[in-house]
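J.: Sequence:
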Amino acid sequence: MGKRLRSGFTTGACSAAAAKAAALALVTGTPPETIEIGFPDGSRKSFIVHSCTINEPSATASIIKDAGDDPDVTNKAEICATVELGHHENPESPAVNFLNIQLFRGKGVGIVTKPGLAIGVGEPAINPVPRQMIFEAVGEVTDQELSVTISVVDGELLAEKTLNKRLGILGGLSILGTTGIVRPISADAWTATISASMDVAKEAGLREIVISTGRTSEKGAQHLLQLPEEAYAEMGDYLFFALNAAREKGFTTIHYAGMWAKVMKAALQIPQTHVKNGALEVAQGAELLESLGAVPPLIDLLRKSNTAREMLTHIEATGQTDLITKVCLKAKDYAQSVAGTRVYIYLIDHQTKVITHV
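In the working numbering, the protein residues as written are 1 to 358.
By construction, these hints were calculated from the structure, which means they are not laboratory data. This one's a predicted model, so the numbers in the text were calculated from it and none came from an experiment. Some hints could be false.
[Stated by the list, open to error] Listed below are the simulated SDA-like cross-link pairs for lysine to any residue, each with C-alpha atoms no more than 20 Å apart in a straight line:
{"hint": "1", "residue 1": "LYS45", "residue 2": "THR179"}
{"hint": "2", "residue 1": "LYS202", "residue 2": "LEU227"}
{"hint": "3", "residue 1": "LYS326", "residue 2": "GLU287"}
{"hint": "4", "residue 1": "LYS161", "residue 2": "ALA192"}
{"hint": "5", "residue 1": "LYS304", "residue 2": "VAL282"}
Make the full structure from the sequences, and use the hints.
T.: Structure below.
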């Protein structure tokens, strides 16, 4: 049996914990070593305070994000909060106000510049649930008027590894989370990103969307398509979800870019294309290709293949490349049946070259 993966905390939860720690230090004059906050589900959890300094009339505390076993670019990031007595103006960061608390973005936290997200243009990229967690955490300490500034050490550099720029979030990271908890390799994180990308495309007035299985596939599609960056949405392995989301959001044309194994899975009508959720059996792939017209000696080579990539090598070596187009057409039929609209398939190789498109 495999090891059970460990959950962690979102940047939103870490921000709330840092804000409460700073507020408590400011009010009591004593920096806390640990801090406990409430979560949206009613539970309470404790955090180790990484650093906390008092410099009246303000205090700053930080939490090191522990994302558990999730491969998150913000894992081990230092999330900071500075709490000051009273309200003030910050021309570089409009405040978000809640009762007696002002919330600002600091260095390493982005600002929203495009419509279509859960927060408005010009506001700090701190999502609704994290905002509420911050307000409630600080409110547990005092009802005095306070200004809270959230920042992330090296947040601008970390943001370069995310889709923030495409989504119109500039200057740093987004402070995210809907539950406060990071689930390892979370489907929720993927589907939320797909939906957000499509919402930005829709708000930009686009009727076409490009869904890709990853950055390599996306670059391949960009060689052919003259579409703005907002039109591109990485979907990972969530093909069925992405097709349904595109339909629900009213896109009239869908461009699907993927590599051979993913496109073959679409042709086989496997809705979730990650290997652990829909492993491509060699026999299954060989059967599909035989039904599409593969002839000896290719059939035997296909059955003896270890991977989908090896299958493609044998197809090309035996000159039966019409099978590649036929597989893409099968994938197209499946995608169109799910999306209920026009879908184009782009088969991409590992060097971002378009092998074929239908």
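J.: Does VAL282 lie within 20 Å of LYS304 when you go C-alpha to C-alpha?
T.: Satisfied, since the Cα-Cα distance of roughly 8 Å is no more than 20 Å.
J.: Would you check the hint for LYS45 and THR179, treating anything up to 20 Å between C-alpha atoms as holding?
T.: holds, 12 Å
J.: Is LYS202 within 20 Å of LEU227, Cα to Cα?
T.: holds, 13 Å
J.: Given the hint that LYS326 pairs with GLU287, does the C-alpha gap stay at or below 20 Å?
T.: Judged against 20 Å, a Cα distance of about 13 Å means the pair holds.
J.: Next pair to validate is LYS161 with ALA192; report whether the Cα-Cα distance is within 20 Å.
T.: holds, 17 Å
In summary, this structure violates none of the numbered hints.
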